[in-house]
Amino acid sequence: MRWGEIIKRLVLIPPTLAGVGVIVFVLLRIVPGDPIAMMIPPGASAADIDRLRALYGLDRSIPEQFVSWFGHVLSGDFGRSISLRQSVSELILARLPATLELALVATLIAIALGLAVALTGVYFRGRRLEWAVDGGIGVFLAIPDFLWALILLLSFGVLIPLLPTSGRIDPQIDVSFRTNFYLFESLLRGRIDVVGALLSHMLLPAIALALPFAALIARLLKASLSEAEDQDYAQIARARGFARPAILLREVFPNALIPTIALGGVQITLLLGGTVLVERIFSYEGIGNMAIDAVINRDFPLIQGLILTFAVLFIALNLAVDVVVTLLDPRLRHG
Amino acid sequence: MVDVAASVALQQPSRWAMGFRRGGARLWVGGAIVAVLILVALLAPWIAPHDPIEQDLLSGQLPPAWMHGGDTAYLLGTDSLGRDVLSRLIYAARVAVVVGFVAALLAGAIGITLGLIAGSFGGWIDQATSRLIDVWMAFPPILLSIVLAAVIGAGLTSVILAIVVVDWTRFARIIRAETAVQLQRDYAMAARVIGLNRGQTLRLEILPNLVPLVVTLLAVEMGVAILVEVILSFVGISVAGDTPTWGGMIAEGRQIIYQSPWVMAFAIGCVIVSVVGFNLLGDGLRTALDPVQRR
Amino acid sequence: MTAVLSIQDLHVTIGRGARAANVLRGVSLEVQPGEVRGLVGESGAGKSMLGRAVLGLLPADAWIGKGGIAFAGRDFLTLPERERRDLLGRQIALIPQDPMTSLNPVKRVGDQIARVLQRHLALSRRQALQRATELLAEVAIRDPQRVLGLYPYEISGGMRQRVLIAMAFGCDPSLIIADEPTTALDVTVQRQVLQLIERLRERRGAAILFVTHDLGVVAKICRTMTVMHAGRVLEDGETADVLTRPRHAYTRALLAATPRADRPADALRPVPPALIESLWSEAHRLDRLSIVGRT
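Chains as they are written, first to last, in our numbering: chain X, 1 to 335; chain D, 1 to 295; chain E, 1 to 295.
Source of the hints: derived by calculation from the structure; they are not laboratory data.
The C-beta atom is built at its ideal place from N, Cα and C for all residues, glycine as well.
Any given hint could turn out to be false.
Unchecked claim - Subject to a maximum C-alpha distance of 20 Å in a straight line, what follows is the list of computed SDA-like cross-link-like pairs (lysine to any residue):
1) E:K66 x E:L286
2) E:K107 x X:L159
3) E:K107 x X:Q65
As the list claims (entries may be wrong) - To give a feel for the contact side, a few chain X residues facing chain D, derived at Cβ under 8 Å:
4) T16
5) G19
6) V67
7) F70
8) A142
9) L147
10) L159
11) I160
12) L162
13) L163
14) P164
15) F314
16) L317
17) V321
18) V324
Claimed, not checked - FRET-style restraints, in silico, Cβ to Cβ:
19) X:L93 x D:S130: 52 to 60 Å
20) E:Q8 x X:A112: 15 to 23 Å
21) D:Q200 x X:E90: 53 to 61 Å
22) X:I173 x D:G69: 50 to 58 Å
23) X:I296 x E:Y153: 37 to 45 Å
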């Protein structure tokens, strides 16, 4: 990925987001199901219903609605949530930090696990332990995050109750956060007790999200490491008196890292998409959990806002991965 | 070295036989799991010990037979309404198999067609398809399926539709890239030189080479489709009513997770075994069918 | 005087059981301090495998069935791993065949040279980089400071080979194994590289085992030479003697197949296939004998 390619990608972002917007908007409106019907008290008059419709702009034609909505979106206004009766932007901004913190912790766990497993597997190349590692990676890749969430809930929430299984923090802890980045804020403030409470709530959902991603990192990295170790420069390092662990870490790893990030980095989006169900299962108050409520309540403005938020995050992550790969690979950096 | 090579060439078995030996344990284990799953789905009325929707409120939340308080009439226990867990698991396999096969084949048909067209024609058609795929890739897939299933309404068709609409890109992306690569190869060039037109080249030279890839993608997609159905059932917008599904059982089991965790555990077990089975089958097929053994 | 390198009756086999293939069939060879010995033979003769065996770079499925390798009188094969690693790179160095793949693509040239020096000479990083600059100047690289900061892809193949030569001579080893160091280079660059190796050897006085298939190169820089075929030594002696009065039929055939300035090109004769065949069948007869002898 050279810089020129990255600029081309940048240019494609606005049309892609517009496409996402159009599809969600049309999808939600060509189908039966009336959001107003869900919020009116029984016995409301036809005139009341019409007034509500007009209030949310649902009385106009679909193209009209779209132009009006998209115009507002461009100026940062995602409209008002029908079910929560608040500004969609405010709702999302309040919940997004929780999801981002969870995804970050999960990604860190996945990277640590994936690195450890890949290095172990390569170190024992050609021996029985390698087969065991490969088999384990296969199983962990096949089972998706939400099944891990349920398994962890069952194991460490019910059978051996070690960790909290719902929410983001214990209700009795009140530290009156100034931002919604609870974890970062308490880290900065040095409140280790709060950090511990936050992490203990985050641990099960984060592990559930991390396991399939860790397996993916392990598989990609292990393949790249094996390939790089067979290259002349790594073989020759042995003839220069370097020990195998040193060669793996200092000669082979830097080379294997680039293809691993290029292929695996994109999959962080899968982890992020997985938060929808994992947050639901652990009643974690992030945007994923909110999205399911929004669907159940047919809260069109909120669904639209949330899907656009996910789309922006996905595209930003893809771009970030390309930039990182370009920065890491000296052959591309000056290309 | 020379003599070794010669002796290998002499007793080379057919490509397919070699392939299936190469596929190894993964192919056989995966194939066996999938075969059992299909059999259970087909034979559900004969092998299920109870009617899956028959309620027995007097014997609700019974533990499995081997646990204290279990009843041998209900081998894997009962749920909160006193329905037999084993029979529900068996009947739920039907939904899984139908969704897995129909959704995967439909998504495959659409994705492969679009991928082939984009990959072989290039130009603006390719550009348009690629941009469409870009847009799709920007959606969180699970959320999109949930939204789709929710707006279309409950039912088997809606679940299948939700899966197809979301997952056709998995096929389109890979087939498009592979077709473009294959068309650059020497034999495709040669086909044009001897006067085959684009359609003939595609049919005679490219498609046969895509078969291993397509078969593998389909096997994996069947596992994915089963998972999506489970997700939709779990969220409560899958097949309506009494029809037992693994996802529905997981959702119900979650409500009584502290009283009778086995309901959820057994359903999760079924999903995991099926999905691992389809993945193993896909992996095994890839190794078995690949004409050039890749890493 | 103790030989720097002494190889006694070395047998190396790749693979085991029915797929086993012998690559070295009892090779004996000595290199004296300061000696430059050419090791010639066609591809598959086992000459590179011999170099690899000395450096501990045999493929994973290769094993030494019999024989010994001694370095300066110390048995190399029974030496503890740690002591062997201290010798490799320090006392025994390698000039590899392919400069394009022998440098780490993501590390700067300076880092790669400095790492070897730090490993064996107990230098600080600054001292190592200082010494790397001197080494690069010694292999006639202009502006060594700048080259230290470059990545391998930014310099030419000839320059890379100079860097690799600098790395080999860096710790003043007593033995250098040069594995076809000029094969991958342009003819014009080949001469410069040969002169460079020759000059460094004169100044620093290392013994060189020069693996090559090029008799012209041997004639130019090797005082002694060894001819190998099918994993066996066929002839061994002073280069001048072997080239003017070859004793073995294979050496004569090789000479007749080598272009020379004092001979018209149409006088070239390929090595007769019958000779090659008889040499191989002799090698295979030896294999059978050694199997009988072992059991």
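Status of the hints after comparison with the structure:
1. E:K66 x E:L286: holds, 14 Å
2. E:K107 x X:L159: violated, 51 Å
3. E:K107 x X:Q65: The given pair, whose Cα atoms are some 56 Å apart, is violated under the 20 Å limit.
4. T16: holds, 5 Å
5. G19: Where the cut-off is 8 Å and the nearest Cβ of chain D is about 4 Å from X:G19, the hint holds.
6. V67: violated, 19 Å
7. F70: violated, 15 Å
8. A142: Interface hint status for X:A142: holds (4 Å vs cutoff 8 Å).
9. L147: holds, 6 Å
10. L159: holds, 7 Å
11. I160: violated, 12 Å
12. L162: This interface hint is violated because 15 Å lies over the 8 Å limit.
13. L163: violated, 15 Å
14. P164: Because about 15 Å separates X:P164 from the closest Cβ in chain D, which is outside the 8 Å limit, the hint is violated.
15. F314: For X:F314, the interface hint holds, since the closest Cβ of chain D sits about 5 Å away, which is under 8 Å.
16. L317: violated, 11 Å
17. V321: violated, 13 Å
18. V324: Result: violated, 19 Å to nearest chain D Cβ.
19. X:L93 x D:S130: 52 to 60 Å: violated, 33 Å
20. E:Q8 x X:A112: 15 to 23 Å: violated, 50 Å
21. D:Q200 x X:E90: 53 to 61 Å: Because 60 Å falls inside the window, the suggested range holds.
22. X:I173 x D:G69: 50 to 58 Å: violated, 39 Å
23. X:I296 x E:Y153: 37 to 45 Å: This hint is violated: roughly 55 Å between Cβ atoms.
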